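Peer 1: One letter stands for each residue in the lines below.
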Amino acid sequence: MAPPSSATAHKPRKRKRHVRSYSMQLPSKPFPLASFLHPFRTSSMKRLVLPTVLISAFIFRWAVTYGPYSGEHAPPMFGDFEAQRHWMEITIHLPISKWYWYDLQWWGLDYPPLTAYHSWLCGKIGSIVDKSWFALDASRGYESYNQRVFMRATVAVSDYLIYIPSIVIFTKWYSRTTGTDKYDRYIALATLLASPGLIIIDYGHFQYNSVMLGFAILAFASFLADRLLWGSLLFVMALSFKQMGLYYAPAVFAYLLGLCVSFGNGGRGAGDDEEGSSNGGIKINIGGLLKVDVQTLALLGITVVSTFGIMVAPFAVFHGEEHSAVEQLGQMVHRVFPFARGLWEDKVANFWCATNIVFKYREKLSTAALQKISLGLTVLAILPFCLLLFLRPKKRLLPWGVAGCAWGFFLFSFQVHEKSVLLPMVAMTLVVAGGLDRDLLSWIGMWPLLRREGLGLQYTVLTALWSWLLSLHELPASIFAKALHLGVYAGAITLHIAELTVKGGVVERFPDIWVVGNVILCFGAFSCMYLWVLYRMAEEAGLLDDFVIQQPSEEGEKQRLKKVE
Amino acid sequence: MDSEHPTFNQCLVLATALKLLLIPAYRSTDFEVHRNWLAITHSLHPSKWYLEDTSEWTLDYPPFFAVFEWVLSQFAQFFDTGMLEVKNLNYGSVETVYFQRLSVIVSELVLVLSLRRFINIQSTPQAKKVANIISLSLLLSPAFLIIDHIHFQYNGMMFGILIFSLTDALNDNLLRSGILFAILLCFKHIYLYIAPAYFAYLLRRYCLGENIWDIQFANCIKLGVSIVSIFGVAFGYFAAIGQIPQLLSRLFPFSRGLCHAYWAPNAWALYAFMDRVLIHAAPRLNLNIDTASLGSATRGLVGDTSFAVLPNIPPRVTFLLTLVVQLVCLVKLFLQPSPMRFIGAVTLCGFASFMFGWHVHEKAILLPLVPFSLLALQDRRYLGAFRPLAVAGHISLFPLVFKAAEFPIKSAYTILWIMVFFMSFDTVVPVAKSQRVFLFDRFEIVYMTVGVPLILYTELFHYAIFGSRLEFLPLMFTSAYCALGILGSFLGFFTLYLTS
Numbered sequence: 001m002a003p004p005s006s007a008t009a010h011k012p013r014k015r016k017r018h019v020r021s022y023s024m025q026l027p028s029k030p031f032p033l034a035s036f037l038h039p040f041r042t043s044s045m046k047r048l049v050l051p052t053v054l055i056s057a058f059i060f061r062w063a064v065t066y067g068p069y070s071g072e073h074a075p076p077m078f079g080d081f082e083a084q085r086h087w088m089e090i091t092i093h094l095p096i097s098k099w100y101w102y103d104l105q106w107w108g109l110d111y112p113p114l115t116a117y118h119s120w121l122c123g124k125i126g127s128i129v130d131k132s133w134f135a136l137d138a139s140r141g142y143e144s145y146n147q148r149v150f151m152r153a154t155v156a157v158s159d160y161l162i163y164i165p166s167i168v169i170f171t172k173w174y175s176r177t178t179g180t181d182k183y184d185r186y187i188a189l190a191t192l193l194a195s196p197g198l199i200i201i202d203y204g205h206f207q208y209n210s211v212m213l214g215f216a217i218l219a220f221a222s223f224l225a226d227r228l229l230w231g232s233l234l235f236v237m238a239l240s241f242k243q244m245g246l247y248y249a250p251a252v253f254a255y256l257l258g259l260c261v262s263f264g265n266g267g268r269g270a271g272d273d274e275e276g277s278s279n280g281g282i283k284i285n286i287g288g289l290l291k292v293d294v295q296t297l298a299l300l301g302i303t304v305v306s307t308f309g310i311m312v313a314p315f316a317v318f319h320g321e322e323h324s325a326v327e328q329l330g331q332m333v334h335r336v337f338p339f340a341r342g343l344w345e346d347k348v349a350n351f352w353c354a355t356n357i358v359f360k361y362r363e364k365l366s367t368a369a370l371q372k373i374s375l376g377l378t379v380l381a382i383l384p385f386c387l388l389l390f391l392r393p394k395k396r397l398l399p400w401g402v403a404g405c406a407w408g409f410f411l412f413s414f415q416v417h418e419k420s421v422l423l424p425m426v427a428m429t430l431v432v433a434g435g436l437d438r439d440l441l442s443w444i445g446m447w448p449l450l451r452r453e454g455l456g457l458q459y460t461v462l463t464a465l466w467s468w469l470l471s472l473h474e475l476p477a478s479i480f481a482k483a484l485h486l487g488v489y490a491g492a493i494t495l496h497i498a499e500l501t502v503k504g505g506v507v508e509r510f511p512d513i514w515v516v517g518n519v520i521l522c523f524g525a526f527s528c529m530y531l532w533v534l535y536r537m538a539e540e541a542g543l544l545d546d547f548v549i550q551q552p553s554e555e556g557e558k559q560r561l562k563k564v565e
Numbered sequence: 001m002d003s004e005h006p007t008f009n010q011c012l013v014l015a016t017a018l019k020l021l022l023i024p025a026y027r028s029t030d031f032e033v034h035r036n037w038l039a040i041t042h043s044l045h046p047s048k049w050y051l052e053d054t055s056e057w058t059l060d061y062p063p064f065f066a067v068f069e070w071v072l073s074q075f076a077q078f079f080d081t082g083m084l085e086v087k088n089l090n091y092g093s094v095e096t097v098y099f100q101r102l103s104v105i106v107s108e109l110v111l112v113l114s115l116r117r118f119i120n121i122q123s124t125p126q127a128k129k130v131a132n133i134i135s136l137s138l139l140l141s142p143a144f145l146i147i148d149h150i151h152f153q154y155n156g157m158m159f160g161i162l163i164f165s166l167t168d169a170l171n172d173n174l175l176r177s178g179i180l181f182a183i184l185l186c187f188k189h190i191y192l193y194i195a196p197a198y199f200a201y202l203l204r205r206y207c208l209g210e211n212i213w214d215i216q217f218a219n220c221i222k223l224g225v226s227i228v229s230i231f232g233v234a235f236g237y238f239a240a241i242g243q244i245p246q247l248l249s250r251l252f253p254f255s256r257g258l259c260h261a262y263w264a265p266n267a268w269a270l271y272a273f274m275d276r277v278l279i280h281a282a283p284r285l286n287l288n289i290d291t292a293s294l295g296s297a298t299r300g301l302v303g304d305t306s307f308a309v310l311p312n313i314p315p316r317v318t319f320l321l322t323l324v325v326q327l328v329c330l331v332k333l334f335l336q337p338s339p340m341r342f343i344g345a346v347t348l349c350g351f352a353s354f355m356f357g358w359h360v361h362e363k364a365i366l367l368p369l370v371p372f373s374l375l376a377l378q379d380r381r382y383l384g385a386f387r388p389l390a391v392a393g394h395i396s397l398f399p400l401v402f403k404a405a406e407f408p409i410k411s412a413y414t415i416l417w418i419m420v421f422f423m424s425f426d427t428v429v430p431v432a433k434s435q436r437v438f439l440f441d442r443f444e445i446v447y448m449t450v451g452v453p454l455i456l457y458t459e460l461f462h463y464a465i466f467g468s469r470l471e472f473l474p475l476m477f478t479s480a481y482c483a484l485g486i487l488g489s490f491l492g493f494f495t496l497y498l499t500s
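Just so you know, the protein sequences line up as chains A and B, in that order. Residues 1 to 565 in UniProt numbering are what the first sequence spells out, letter by letter. Residues 1 to 500 in UniProt numbering are what the second sequence spells out, letter by letter.
Honestly, the hints are just simulated from the structure, not real lab data. Here the structure is a predicted model, which is why all the values come from computation and not from measurement. All C-beta atoms in this analysis are idealised placements derived from N, C-alpha and C, irrespective of residue type, glycine included. A portion of the hints provided could be inaccurate.
[Stated by the list, open to error] Sample of chain B residues with no beta-carbon within 12 Å of chain A, all distances over it, derived:
| id | residue |
| --- | --- |
| 1 | 28 |
| 2 | 110 |
| 3 | 116 |
| 4 | 123 |
| 5 | 195 |
| 6 | 332 |
[To be verified] Pairwise CB distance ranges, derived in the manner of DEER restraints:
| id | chain 1 | residue 1 | chain 2 | residue 2 | range |
| --- | --- | --- | --- | --- | --- |
| 7 | B | 432 | A | 130 | 42 to 48 Å |
| 8 | A | 125 | B | 442 | 37 to 43 Å |
| 9 | A | 503 | B | 8 | 40 to 46 Å |
| 10 | B | 453 | A | 146 | 19 to 25 Å |
| 11 | A | 121 | B | 432 | 52 to 58 Å |
| 12 | B | 245 | A | 503 | 52 to 58 Å |
| 13 | A | 121 | B | 491 | 45 to 51 Å |
| 14 | A | 138 | B | 491 | 56 to 62 Å |
Extracted from the complex, chain A is given alone in its bound form (with noise of 0.2 Å):
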């Protein structure tokens, strides 16, 4: 892989804001996760870590899969489960250009190509096995116990294929970037795969999450390793393996163009300690302020459109009989992208669904209207996050802008999936390799509401799991902060054990009660996040510093590793 040149040219940031190590103060009182990770600081112990961690990671991602996965036994549709084994079906045994077109009422595909590929590959192997899994029509709807066994393998091999190795390589840069001790680089680590959202819905539920989010992962680290071309191949590849990964793109756009583009001397310049990539190459000039790195701007682009076209390639050369190959564009890009639904499907815990508990959106404007006002205020969300990493593209900036751009989809923008609430979360989590505090665990910890039907063993236990291995009942310092966490957990609490006892009465009269609670509770506390990402970004960015100056800062150091010990 990348040599560590950058490494070494990188010089560590001279002011720290927050406490960010872990390693110098054990045996004090860390949360439970670092203890675990605590008898591998030793010279003997410590080349089992990485072992350790990845195989503990496996056995209880694998021990979720004992639970029921979407649709389990539940004609006559089933679920999520067999709409992932239905393409396997239809991609090994039809043409590729029938493969958008073929009975789209029973799970027709509607994920990019490169989930359609790995369905083949996933249904070849799995053919090899029994054919009978992926029969053509005759399998729809097929349940048995070594299918089952052979489907949540292709998710654990998926997984440790690629996202797995993804957040190893992606710490590891950003550890580096922000100097982050090797230690807490593990302890991050071991809080990335400890966390239980994606576990609960790939493992349990049962979806490919994790391929789209490592190839977005790899892409962020190669961005940290200054591999920009790769970095933007990857993410491509995240792109079309599902629509959802357009979330964290404007973010990656912003940073690429921002890289790309330098004013002449305010702001940032080339000289910049974190950029390693203005290696010379053709450079436009304009006016002496603006200066256009136009070389790498085409290689990006050349890369992001040939990748793509290479992806789509093989639906237009193998178009078929019936259709065109610009039909067969057409139709991909149509299943893809529905526009034509509403603007929400379910509810889910963002802007359009909270508050049209007030105000009946659907009632009083046009879908298109509606379609508008949701541009416009996504638009508004990402914008700050996007500026920030177009003026300053500094490596350290990367997952917090990433993170902030997707709540800012997340929130506003239109049909929107509940489970997209991951895109989010995992961004925002990756953060943790840049150093932990109480602040950050805390925020990171917040747990969304993700319980699935039938997976409520799995998701109390690990959601619990979670909270204790990070001390989330340790609050962040500040006063609001304080109260935010409590109220939320309260909240969250308080919903489940009255759903679960509650009955009658006023549940009667309002069915949907403990769903528009859910929904009002975790809008509340992801737009608290959302504000979150936004200070804590604006604050690594330094654009804080001159509200603070007053404050010394080796003082407040000194006095957070008191209050930390």
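Following the hints, complete the assembly by docking chain B onto the known chain A.
Peer 2: Here is chain B on its own, set in the frame of chain A:
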């Protein structure tokens, strides 16, 4: 010394989380066995407990365990009364599964407490550190995970009582140690295998003084009265209603074969393996083959095992062999009694009965494994003898949980345990006082390297190559492989015990 990280409790929380996630995993017929016992003890009068035979899984544990099931059933009725009906064979509602699984997790607290006590009685900080690692290795042992939390049994609680008893012996609290062991026997009679060690040690250290002829009458009476009253409480009622013969016939079903369907990895497994090999070599060696018994060792379920080439083994041979080995270590224990040697003798009694016993079940490997764990960190030589047992003992449990969905968990967990604990053992174990006995470590390395491809073959490739044909082959390989490791461990430890 509270700076040990992770702490015992933290490991407990993590392990419990995993065990909760395993609630919906595969469970063997033992689940139904215990459900049936819940039903029997809950709905029938004690006089019927050992007579009831609606289900083929009749009550065949001693009375204390039956009472334990009765206590559990008092809670079970709040979950689902369906499981408490004798006629509801193979009843497995969600509530039943949750209740039974949770009862295993909760009853395992006995093991947890006993391990904590084992740490607490250590006097020096160094000894505490060592005891801490041993305790963690037992708490997180794959054996308990596989047998109790997937396969389904209550070994955690049983071995908890045993460790309490052994800890008392270490602490020279011999009366309590003896009482606890008597209670344990009334829970599960498999511990009779290690009773000789208790008998010899208590006799020597508690009933006799420094001089063998200096009999401590007061102690004899105390111990005798306590043990008789414990057995009286357990069996008195059944003796009064004249059911002792019936009870004994349930506890000791003698009509079984030498080897179980899956050969437990002991000396007889190696013997049977050799027999199978000789069948193919026999024509060249001009040996007689008993054609009638060709299929017996591989097919027969709980029937009689007979060999094709090698002579058959009558029960008294197994009995005699076990007795000889046990006697040798008891004599040594009797002559030079010390708490550590006592635990060594317990281990060897377990070993001997496992290696040479009649119709041994693979789960019985816990019998030598658990007490040996307490000794493993004495010095490097002990650790060297322990490691093959730890590897083979755990692998030999794999066939208990044979479904595909559990393969990843059992193998990943065992590999993780071996990796982490072998490394931790290495960091704390003191150097041996004398030289190593023989090239034991070389054997160990070769042995462990062979293990990985073997597991892959038996669990994955065999079915890919042969499908469902030759089903006994992987089992035979596993058991022969494990038997070799356990035999090596046994011989190594036996030598150490006799020479130290």
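Peer 1: Now, for every hint given, state plainly whether the structure supports it.
Peer 2: Verification of the hints:
1. Taking the minimum C-beta to C-beta distance to chain A, about 15 Å, the non-interface status of residue 28(B) holds against the 12 Å cut.
2. The claim that residue 110(B) lies off the interface holds: its Cβ sits roughly 23 Å from the closest Cβ of chain A, which is beyond the 12 Å cut-off.
3. Against chain A, the non-interface label of residue 116(B) holds: every CB pair exceeds 12 Å, the least being about 18 Å.
4. With a closest Cβ-Cβ approach of about 22 Å to chain A, residue 123(B) is found to remain outside the 12 Å limit, as its non-interface label requires.
5. Every CB of chain A lies more than 12 Å from the CB of residue 195(B), the least distance being 37 Å, so the non-interface label holds.
6. The Cβ of residue 332(B) lies farther than 12 Å from every Cβ of chain A, with a closest approach of about 36 Å, so its non-interface assignment holds.
7. Taking 42 to 48 Å as the suggested C-beta distance range, the pair residue 432(B) and residue 130(A) does not conform, at roughly 54 Å.
8. Distance hint check for residue 125(A) and residue 442(B): the Cβ-Cβ separation is about 40 Å, which falls inside the suggested range of 37 to 43 Å.
9. For the pair residue 503(A) and residue 8(B), the beta carbons lie near 41 Å from each other, so the given range of 40 to 46 Å is met.
10. For the pair residue 453(B) and residue 146(A), the beta carbons lie near 24 Å from each other, so the given range of 19 to 25 Å is met.
11. At roughly 53 Å, the beta carbons of residue 121(A) and residue 432(B) sit within the given window of 52 to 58 Å.
12. Range check, residue 245(B) to residue 503(A): about 55 Å between beta-carbon atoms, so the 52 to 58 Å window is met.
13. Checking the proposed 45 to 51 Å range against residue 121(A) and residue 491(B) shows it holds: the Cβ atoms sit about 50 Å from each other.
14. Checked against the given bound of 56 to 62 Å, the beta carbons of residue 138(A) and residue 491(B), roughly 58 Å apart, stay inside it.
Figure legend: structure checked against the earlier numbered hints; the only hint not met is number 7.
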